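Those protein sequence lines, which keep their order, are chains E and A.
Taking our numbering, the leading residue of the first sequence gets 2, the next gets one more, and so forth.
Taking our numbering, the leading residue of the second sequence gets 2, the next gets one more, and so forth.
Calculated from the structure, these hints are not laboratory results.
The structure presented is a predicted model; accordingly, all values stated were derived computationally and were not measured.
Hints are not guaranteed to be accurate.
What the hints assert, rightly or not - Derived lysine-lysine pairs resembling DSSO-like cross-links, with alpha carbons at most 27 Å apart:
#: 1; chain 1: A; residue 1: Lys285; chain 2: E; residue 2: Lys99
#: 2; chain 1: A; residue 1: Lys801; chain 2: A; residue 2: Lys760
#: 3; chain 1: E; residue 1: Lys111; chain 2: E; residue 2: Lys134
#: 4; chain 1: E; residue 1: Lys129; chain 2: E; residue 2: Lys99
#: 5; chain 1: A; residue 1: Lys959; chain 2: E; residue 2: Lys111
#: 6; chain 1: A; residue 1: Lys202; chain 2: A; residue 2: Lys79
#: 7; chain 1: E; residue 1: Lys69; chain 2: A; residue 2: Lys285
#: 8; chain 1: E; residue 1: Lys69; chain 2: E; residue 2: Lys111
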Amino acid sequence: MSGGTTLENANPVIFQRSGERLLADTDADEDVHDPIDDREIFDILSINDPEHPLSLEELNVLEQVRVKVNDAESSVDVQFTPTIPHCSMATLIGLSIKVKLLRSLPERFKIDVSITPGTHASEEALNKQLADKERVAAALENSALLEVVNQCLTNKST
Amino acid sequence: MAADSALLLSLVEEYVSGLQDSKAKDTATAVKNGEFTVLQLVEALGLSLTSSQPHTRARGVQLLSEVLHECYGGLTEKEVEVLLVFYENRLKDHHVITPPVLQGLRALTKCTVLPPGSAVSMLRSLFQDVHVQSLMLTERAYVYNMLINLMAIREAELKGLGADFVFGFVQSMDGERDPRNLLLAFQIAKGIVLRGYDLGKFTEELFEVTSCYFPIDFSPPPNDPHGITREELILTLRDVLTGTPGFAEFLLPLIVEKLDSDVQSAKLDSLQTLTACVSQYEHKDLAEFLEGLWASLRREVFQTSSEKIESAGLAAVTAITSCLSRSVLNSDSEDSLNTFLELVLKDCKHHLCEPDLKLVWPSAKLLQAACSASFRASCVITAAIMPSLIEQYTNRAQCSQRRTLLEVVQKFLQSVKTCQTSESEDSVFVAFRPSLCSMVFSALTETNSSLQVTACSVLTSLAQQPGLLLDSDIELAVDHLTRLLLTEQDHTVSVAVVECAGALAELHPAAFISNFIPRLKTEMFSEPIDQDNNRAESEQLSHHAVRQRCLSALAAVSIKPSVVQESTPVLLQVLSAAHTGGFSVEEVVLACRSLQRIAEQVPDSEETGRCFHDVIIPRLLSLALQAALQGEDGNRSPLLEEAVLSSMVPIISTSCSRLQPTLALQTASRAVSLFLDGDVSFLPDNSFPSNIQLLKQHSWTQSQMVCLLVGCVCSLPRSMEVPRVDELLSALEEMSCSVLHPLSYTSAAKCLSGLLNKKPHGDSLDSRIHSTMKRVCSELDSSSSSVHTQAFTLMIWVAKALLLRYHPLFTTLTDKRFFSENSAKLVQGFNAAPQEKKPNFLKALSNIVNKLPKQVQLTELPALLSLLLEALSCPDLGVQLSTLSCLQPVLVDPPPSLIQQLEALIGRLLALTGSPDMEVRISSLRCIHAVSQFPEHEILPVRARVLRALARPLDDRKRLVRREAVHARNDW
């Protein structure tokens, strides 16, 4: 825990990671079509928290129940819960989730990322920012910001 | 003599004034060879030693010291005495002389002829005249080495110095900073502490001067030439600190203080040191610190941040408890074990009863750690904890909570097991037997499968407590297990039940013989009731599942010979019933597997050996023979199926290789005479015709029995010689080149090669191989022969047998040689071949490359790269897959030639992501993923293209493909 800056939430409650997805028999069957489901999106989103060396799942920022996907209608709705109500990293987390999904899902999907209702002080403003396509695009042109986002998205193993 | 002294003088002159360091070595060699004595050297040095220039004097002393360093072994006691007086005197001289003096003294301390009393006087003048810490690194090391040498040979004298020695040492090492010297100093301190030097009033000083380095925080510089590791320092320092109970009053507060540290390694070191030190201490050393230590330990386990620290903390709790349990109490002192356990119970017990069971695991672990330390502790803790756990269990209705409680109980059972001594003490759980049993049995009747699984393992632990369960409990347990086995559909439960039954049967075979096995038998042989056809199918299925579970349970319980005697007849009965159509092929195969498992797990004794060699194997052979003679007309017996026969083989081969070699030899010779002469006298229910000729049969039902012969003869231990081996080999060769039935000729070839593999080196082996090869060649050469396949099979097996005779390394080398001899031909053939045959060459090539060891692959690949790229665009799926799988490891560490072909590679790989086969899609995506780690500037030009192309597999219909695509695309 080096780096002189103080953490906003130095000692978060840590939640257990859900295990690896179990392989079903149909997964290896060429003829079965597997629809994209909630769990799959959830697995894609094992993103590191910018403040902690832990994944968002371990911090309970993301929960599987708050990930909703509809493959037929091509829509994804992800709600995330900041660890503390005035977390300044909430925008960054939201942006990371959004970027990860943009990179990992087919183009036909409409992606909505928002804050779980009632868990952040400036919830509305943040939701607005995250939903604004132009602002997201502009943010991603900022190379410094993009680097931080990429850092969050790099897997721990690599 | 005159010449000698002139030479000596010149050597001295050149060293002292000429400053030629190499002359010291020459002088030393001369002294060693006896050209001069040390006395002559001193005389020759006379002038330089008395010079008024300190530097000249230093140089002179240095020469003497260097020589002594080489030649200390040849000194007499008188010489040593004189030299010592000189050196001690020199310590008072100018400070530039001190280093060589110390060097000389160190050399003298290695002398075995050190005069009595000299060690003391040497140390006195050393401690008096030298301030060690103002010396240079190497000189300090001289001092430490002197001490170490003296402690090794003059321990009694040093002890005579009393506390002065300790004080002198404390002063010398105070402030030492170099890790190399610290290691030496710690070794000295360890010697002082462990070998009982009188610490006197300097106990605290010695502790202070060493403990100030605790916890060690040292990381060696990269490329450290001295090889001092942090672990070495930690362990030596720990030996010092934990060496004597005298340090207890200083060490324990220090540990409590260091446990507060934020640094993980400091915590870990403190905990381990604590565990180490309490093993030396008595309760009175610990008594006043118990509360503080407990508070810290509890905190570490409750708020644990790493598993290492948690387990170190638990180990410390165990160590403290066992230290307290060990101590002998005075009549007036209070029992500190009770005090400590009260502390533990006070802080932990209530967590076990909290409604949310939040801190239940850390508390349980702490209690169990204390529990496992001693019998006394386990009595106290179980008496306090078990009633409330049992009460909790009855009050909680939720399955998950009940399961947690059961798991806690099980951990207690296990932790107590470790401290129970062999004395016939009753288990500490005797008092709770009824309630524990009813708890487990009620859990077994629940419908929740995970609860049942946990209950099974608790039952196992209960049964392993010596003398805890009564016979009636065991019977009840067997009842429950049987019921679950016969009715429970859940796979995990039945696995747990089978495992539990196996463990119980090892301890209580009687209950299983009288109850379990008969009930399984009745259940397996009862016919499913099929009244109407609608229900028949599902019932058939479940009946099959029940039989399956029974068969595996029978195998699991058969560990004790007495149980084996009961269970194997049931399995054999299944096989003979299959004859008449009572069991399916699959069930028969399972019965064979169970027999095989039993053969693998029974103890190798006369009794079990007889059971297998005299009963089971003859019975198997006789059943197979019956089936074979019945022939294929009418009702075809399942015992004719290849699957059944090949599952019988391992039963025979396992018992031949594992059980009773002499009986195995008997089995082998019986089998040989059965196959060669048709001797059926040893088979049970003998109603066979007398003219059986199994090896000369053209009816496949009989000829395929040769596979059972493989099991009988090929698994004999090498020390046993197979009877009538040459006759057998001829018959097998004939058979393998003549019969048409695949199983028969393959088994004959296998048997032949197995026997060849065992045959000792020599002419008979050579001529046999020679004749076999001649036969094979003639069959292969004649175009009219109908047995090409047979001859080829025989050749492959014989080649394998010969290959395996040699070292395994040989096989790798053959791979490589095979590759280098053939790859060129293949490339050539590919270029020459007509279009439609090219894929065949590619297939051969990619398969060969795949088998090569990685190192060889890497060196050979560049040459083949263009061909492999070609292979990627070949339409054959197999070729694509094997090429992709050999490309992937290469891509992780790409050779430059590959990077040059990047454009072509990417194009082909991207095309494959649209393949109809998901395996190909997955492997090609993995390769693309690997390419993303290529040097940045190389892949930049293709990045946009790859990202666009990867958008499509993101929407693949298979999830596994999408997962790879997501990984790949994100990394690009």
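I'd like to know which numbered hints this structure contradicts. Please list them from smallest to largest. 1, 6, 7
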